[in-house]
Amino acid sequence: MTTERDSIEFDALFVGGGVSSLAGAIRLMQMAKEKAMELEVGIIEKGSEIGSHSIMNPIALQELLPDYDSLNCPIEQTVRGDGFYYLTRKKAWRVPMVPRQMHNQGFLIISLARFARWLGEIAEEMGVNIFPGFSGQEVLYGEDGKTVTGVRTGDNGLDANGKAKSNFEAGIDILAKVTVFGEGARGNLSKSLIEKLGLSSQCLPQVYETGIKEVIQLPEENFFSHNPVNDIHTMGYPLGLNVPGGGFLYQMKDNRIAIGYLTGLCYEDPGIDPYDLFMSFKRHPFIFDIIKGGRVVEQGARTVSSGGHYTIPRLATDGAVLIGAAAGIHNTPALKGIHVGMKSGMLAAEAIAEALEKKDVSGASLERYRRLLDDSWVHPEIYEGRNFAPALAMKGMKKWIHLGAQYLSKGRGIIDPLPLDADYETLRVLNTAPTETTDNMDYDGSLMVDKLTGVYLSKTQHREDQPSHLIIKDPQLCIDTCYPTYGSPCTRFCPAKVYELETDEITGQRQLKLNPSNCLHCKTCDIKDPYQNINWVCPEGSGGPGYTTV
Amino acid sequence: MNVIVLLKQVPDTESIIEIADDGASIKTEDVKWVVNPYDELAVEEALQVVEKNGEGQVTVLSAGIKQAETAIRSALAMGAHEGILIEDERLERADTTATGQVLAAALKKIPHDLIIAGQRAVDGDNYLVPAIVAESLDLPILPVIIKESIADGKITCEQVIQGGTMVVEADLPAVITTQRGLNEPRYASMPKIMKAKKKKIASLSLDEIGITDDSLFSNPKIRVESLQVPQKSRAGIIVEGGTPAEKADNLLRHLREDAQVI
Numbered sequence: 001m002t003t004e005r006d007s008i009e010f011d012a013l014f015v016g017g018g019v020s021s022l023a024g025a026i027r028l029m030q031m032a033k034e035k036a037m038e039l040e041v042g043i044i045e046k047g048s049e050i051g052s053h054s055i056m057n058p059i060a061l062q063e064l065l066p067d068y069d070s071l072n073c074p075i076e077q078t079v080r081g082d083g084f085y086y087l088t089r090k091k092a093w094r095v096p097m098v099p100r101q102m103h104n105q106g107f108l109i110i111s112l113a114r115f116a117r118w119l120g121e122i123a124e125e126m127g128v129n130i131f132p133g134f135s136g137q138e139v140l141y142g143e144d145g146k147t148v149t150g151v152r153t154g155d156n157g158l159d160a161n162g163k164a165k166s167n168f169e170a171g172i173d174i175l176a177k178v179t180v181f182g183e184g185a186r187g188n189l190s191k192s193l194i195e196k197l198g199l200s201s202q203c204l205p206q207v208y209e210t211g212i213k214e215v216i217q218l219p220e221e222n223f224f225s226h227n228p229v230n231d232i233h234t235m236g237y238p239l240g241l242n243v244p245g246g247g248f249l250y251q252m253k254d255n256r257i258a259i260g261y262l263t264g265l266c267y268e269d270p271g272i273d274p275y276d277l278f279m280s281f282k283r284h285p286f287i288f289d290i291i292k293g294g295r296v297v298e299q300g301a302r303t304v305s306s307g308g309h310y311t312i313p314r315l316a317t318d319g320a321v322l323i324g325a326a327a328g329i330h331n332t333p334a335l336k337g338i339h340v341g342m343k344s345g346m347l348a349a350e351a352i353a354e355a356l357e358k359k360d361v362s363g364a365s366l367e368r369y370r371r372l373l374d375d376s377w378v379h380p381e382i383y384e385g386r387n388f389a390p391a392l393a394m395k396g397m398k399k400w401i402h403l404g405a406q407y408l409s410k411g412r413g414i415i416d417p418l419p420l421d422a423d424y425e426t427l428r429v430l431n432t433a434p435t436e437t438t439d440n441m442d443y444d445g446s447l448m449v450d451k452l453t454g455v456y457l458s459k460t461q462h463r464e465d466q467p468s469h470l471i472i473k474d475p476q477l478c479i480d481t482c483y484p485t486y487g488s489p490c491t492r493f494c495p496a497k498v499y500e501l502e503t504d505e506i507t508g509q510r511q512l513k514l515n516p517s518n519c520l521h522c523k524t525c526d527i528k529d530p531y532q533n534i535n536w537v538c539p540e541g542s543g544g545p546g547y548t549t550v
Numbered sequence: 001m002n003v004i005v006l007l008k009q010v011p012d013t014e015s016i017i018e019i020a021d022d023g024a025s026i027k028t029e030d031v032k033w034v035v036n037p038y039d040e041l042a043v044e045e046a047l048q049v050v051e052k053n054g055e056g057q058v059t060v061l062s063a064g065i066k067q068a069e070t071a072i073r074s075a076l077a078m079g080a081h082e083g084i085l086i087e088d089e090r091l092e093r094a095d096t097t098a099t100g101q102v103l104a105a106a107l108k109k110i111p112h113d114l115i116i117a118g119q120r121a122v123d124g125d126n127y128l129v130p131a132i133v134a135e136s137l138d139l140p141i142l143p144v145i146i147k148e149s150i151a152d153g154k155i156t157c158e159q160v161i162q163g164g165t166m167v168v169e170a171d172l173p174a175v176i177t178t179q180r181g182l183n184e185p186r187y188a189s190m191p192k193i194m195k196a197k198k199k200k201i202a203s204l205s206l207d208e209i210g211i212t213d214d215s216l217f218s219n220p221k222i223r224v225e226s227l228q229v230p231q232k233s234r235a236g237i238i239v240e241g242g243t244p245a246e247k248a249d250n251l252l253r254h255l256r257e258d259a260q261v262i
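Note that the protein sequences, when read in sequence, are chains A and B.
Be aware that the first sequence starts at 1, since it is given in the working numbering, and climbs by one per residue.
Be aware that the second sequence starts at 1, since it is given in the working numbering, and climbs by one per residue.
Pulled out of the complex, with its shape left as it was, chain B reads as follows (with noise of 0.2 angstroms):
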């Protein structure tokens, strides 16, 4: 069973953004770098598939620059058995379809029975990614999943949505993308930290993958105009109130005078 995971390097959630002069970029300068969470759950749950099939092998796959091999890295300290980087300045700042279409390219080069990606990277927010690469490869794409086991040629997952579950099954090879709750990542316990800084992670060039097409970068589909920072949100007040009655007499207070809501 050879399990593909699709990894992205993004800004740690706990870091303070600020908007780069250009104001369609962010200031990197002294901004930590992180696994995308929901990454780190596919790279969990491939590690659990190939225990559980009690053969094959975990392949993280990269599309960025060569500071992206500390993420591999990360993957590969959990217990990981591969890492691949598509290595490219050019990728750093391409769009979903430029990076779906180099990702599904290298998948074409490598033997895959099943691609785990995150549901959506938290840096762009976009969920679009694991879609193109199910799209440019033919695959199924079984999204935002809390549970899946395998047999016979197929995958089963718990799908969730609005208000519930739903059980969806398909013939593999097939894309799955991760939501919280499917697992608990594992801590990359200190050997396997030093082995992982052993392991040479592959590189591959975009001409290797049989990239060619520079419009990709040069002309986007996708540009991004221009970033804003969220609104800060109010503080919270808490209600006060002897009885629940007097406190609900309150909050309508509170509704209709403060907030101008009812």
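Bound-form chain A, shown alone (with noise of 0.2 angstroms):
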């Protein structure tokens, strides 16, 4: 089928509107005016999106809009005080020594939905071109087949069965002297354009982590009303030592809290369900303490790109760039991606203005980005961590001695650098048969929820009748090879029962049935799915979680 096209241009597109393009466009507006240069720049953004941390160290905001204070800046908390813990199954330790990376007094904690909604208002006021509901569906390249010409924003008005109904709106081609690729964690653009192009033929393979996290209504009196703490991590139960990840919980406006718990995708065991540990965190005695009487007013789950430095792609290629988590700019030690990410969109801009001035858009001539950032701020903070996940990714003892070596040497550790496994690469083959999956937890469907009461927490939606955005490339294989060695992980760690795994009653016969309408947009799948089977694509415009304040 050839479809006849429309194309619109720009002189740079945004694909993806969170935190990092906004402060991109915002900066890109900026130095135009300097420069006294007309530029049209747009913002393509395929739903809502959020962020798995709202606490936000507060220079890179500085920087782009000093006086963001009197401008309204959507500012739910100041960081008070920290508190690391240790948790056991049933006791929490106070860990005396917070790590230096982690200490956030004076950060700002944010709501990240909030926070964006702010940004996109001020990049608006600045004639930035923002399109809510356009997904991107495929890059453009020149003839010479690697200079990126922009995006193809994927076809409204299909049905279950791909066929064009009434109302069917192709996609169109935006076309753009520079496309700047900020999708957040395994952008599904971002992720072919890596692939084509090899921009990580020379890295070592991004690692990430799952964060499900609520936003929780707390009585007037709560646990936060008179401590000096409001910024609580935690290690141990329910992960265990082994696994990267922890909870937190931070204290927002008007007696809410944010809760959440980060799994790292690294885990070995198939079993493994990153909402049941969520679950298993909201009910250990310390943790249930504080949120008891509360109840959950919304819930998100993504993925974090948490790889750091020796992860970080490429940056800059003939006409694009990448920015923010869809680079793996963040700050692992810190847990923190958001001021990294924004300078990181900042001095993309700064390098893409020259370049339009100069009318240079060649990889050669964007490069300037990555040099920029080598010489901020942000080089010291992500290179100090550069050895972080490989060490947060070992078992026993091992794991503490080179965390212990490179906090003393300023990152730098035993070895340098250390290797890294991809996430699909790590289950281990079940040695007992497989088991369905059983939700056996006691849900109240107030403070505690199932998962599909957080699907609709999450305020999710999908046009039903169209093709489904989770592609299965074999799904046999599901059926014949991954249940019996892994059990169908699918179904254990979707936070949003996207996968289940059916039984015909009469044939006995075992399928995999999905549930694209319930997708959060984690990107999990994606990226923990053993076989790689499984390829996430944009749905149509605008679907997707609707998050307001997480």
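If you're looking for bench data, these hints aren't it; they were derived computationally from the structure.
Don't take every hint at face value.
If you want a taste of the chain A side facing chain B, the calculated C-beta under 7 angstroms gives, among others [what the hints assert, rightly or not]:
no., residue
1, 6
2, 8
3, 131
4, 166
5, 169
6, 172
7, 546
8, 549
The calculated DSSO-like cross-link candidates involving lysine-lysine, where the alpha carbons are at most 30 angstroms apart (straight line), are [claimed, not checked]:
no., chain 1, residue 1, chain 2, residue 2
9, A, 33, B, 192
10, B, 195, A, 165
11, A, 163, B, 192
12, B, 195, B, 109
13, A, 165, B, 52
14, A, 410, A, 399
15, B, 198, A, 359
16, A, 177, A, 35
17, B, 197, A, 33
18, A, 253, B, 27
19, B, 52, A, 163
20, A, 196, A, 473
21, A, 253, B, 66
Glycine is no exception: its CB is placed at the ideal position from the N, C-alpha and C atoms.
Two chains, two frames, a set of hints: combine them into the complex.
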């Protein structure tokens, strides 16, 4: 089928409307003003977006918008004090020394959803064209097959079989002199771009953590009302010490808290269910005491790219750059990505402005962005954590020896660089027969909610009658190979019950059933599936979670 | 052919609604606002009428506060030609009578051959405003339609009734209201969104349309006393049984013992 496509042109197009892109677009408009250039800047955003952390080091924001306070920046709280706890099954021990990277006092606690909306308004006032509800379907290349010329948006109005309905609207080609990929962790276009051009051929594989997070409404009188600590991080129970991850709890405005749990996707046990771990974390006596009497008002899930320095791909190529979490720009020891992501967007904008002025948008010209990043405060922060993710992925004493050595040697440690495995390679083969997933947790529907209630509380929606946006390359492999080997881990690692194993009553045949409309766009399946048999593509525009506060 | 669409901005149906402290309104802080879904059908139908007719224009009319402009802009991005907002703070809490009369007052100054409205706004679920507009303008109203055709100054519609449809006809100008199934609203394309952004939305004050009587707002005919959230529906059960007869027996038992309805 050949389809007539409209096209539209921009000087710079940001793919993904998260904070890195928004900061970049704002910086680009500032640069255009300084240089008295007329720039057409666009941002496409497939839906709403979430980040996993809402403690922000304000350094990048101060640089971008020094008068952010008078512009009514939506700040929930300022961190008064940090609490770092080690949890055993029943007890909590306060770790006397908080690692230096995790000192958050004075940092801002923000709702990333609200913060992004606020930045979006500022960007629009400066003349940036923001298009919510448009998903990127494929990267467009020039005749040489390697110069990025823009992005094609997804078709709208296809039915479940991929046939055009009466309101079919073909996607359009958005052409841009420079395309900026800021889709967040494991963005599907960034993934294809990095693969096609081999941008990470010199890198360690990117690794991820899946974060599940809630906003809980607490009674008027609660733990944080009179506590000097309003930022809590935990390690230990329920994940144990071998797999990276842990819990967090922050105070927000109006007696609300943000609570969440991160699970490193390098885990080996195919029986792990990150959602169950989050529930066990909430039930721990120390945590339960803080949240009791509360009610979950919103839930969400997202993966974080946590590999750090050695996993960052080449950031510039002909006609395109990668920024923020899509590029793996993340301070792993500090558990923070927002400020470095924003800064990467801002520095990319500076390089882009100059490249557009010189009329040279080649990779060599845009490479200046990487140099700016390396000369900025981002580099020492990220460089210090360069071996952190591989050490965290280790088990037993080895992990602590490496981490300790790194802590004392500003990140170099014993081996530099330490090797790292991709998350899909780490699962251990089942040594017992696979068991069906059972959900025996006790949910009260208010403070403890099951996965499907969580999906409801994420306000996720997709038009039902559309092609599945989760492509299973070989469905037979799921049943014939994956089920006996790993017991279909997709039915557990997905926090939204998108994957279910069904057994036909009569024939006894097993089959994988998909519920794509539950999808929270966290990308865990695309990352962790041991056979890389699942490909996550963008559903029709505006589908996905509708986070307002998490 | 001048087709007018009456448009209302409502909370997104996926938003989780919380009742404000006064007990009679909702918290709007984190609400996402969208075009009332039935009004999207109205915009689509209006565009089709003009396209079929070969000439004419679609004007979108809304009454509310400044933020309703984004809803009008969505309709412009679908292809509507013009947008008008009757803007006044008092309209945010106006009752159906006031809203209907305000819209009718504006329509007296805007040429119209056909007025299309959603059958109801999904926030208040009143089904009243289009009828009040029709009554105030002394126009016929054909409500809840799933099909229309226009010929010789007449509009013929299929109207949904209990268990079937009824074909009705009226002289133009007339008011019609939409039902699901009427059409599939088109998507706003990016070039159209770009164009819609640059279009000016006309703003009218209540004075300009001749509404000077404040009692419409200060002394409304209907006042919201209180709001309650609907009771949570309970989870369904799947009735087990080896044969259809067994299943029927078990169903009866559930109805008698658990639900206690028979």
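Here's how the hints hold up against the structure:
no., hint, verdict
1, 6, "holds (6 angstroms)"
2, 8, "holds (6 angstroms)"
3, 131, "holds (6 angstroms)"
4, 166, "holds (5 angstroms)"
5, 169, "holds (4 angstroms)"
6, 172, "holds (6 angstroms)"
7, 546, "holds (5 angstroms)"
8, 549, "holds (6 angstroms)"
9, 33/A <-> 192/B, "holds (27 angstroms)"
10, 195/B <-> 165/A, "holds (25 angstroms)"
11, 163/A <-> 192/B, "holds (24 angstroms)"
12, 195/B <-> 109/B, "holds (26 angstroms)"
13, 165/A <-> 52/B, "holds (19 angstroms)"
14, 410/A <-> 399/A, "holds (16 angstroms)"
15, 198/B <-> 359/A, "holds (28 angstroms)"
16, 177/A <-> 35/A, "holds (18 angstroms)"
17, 197/B <-> 33/A, "holds (21 angstroms)"
18, 253/A <-> 27/B, "holds (15 angstroms)"
19, 52/B <-> 163/A, "holds (25 angstroms)"
20, 196/A <-> 473/A, "holds (19 angstroms)"
21, 253/A <-> 66/B, "holds (27 angstroms)"
The structure shown violates none of the earlier numbered hints.
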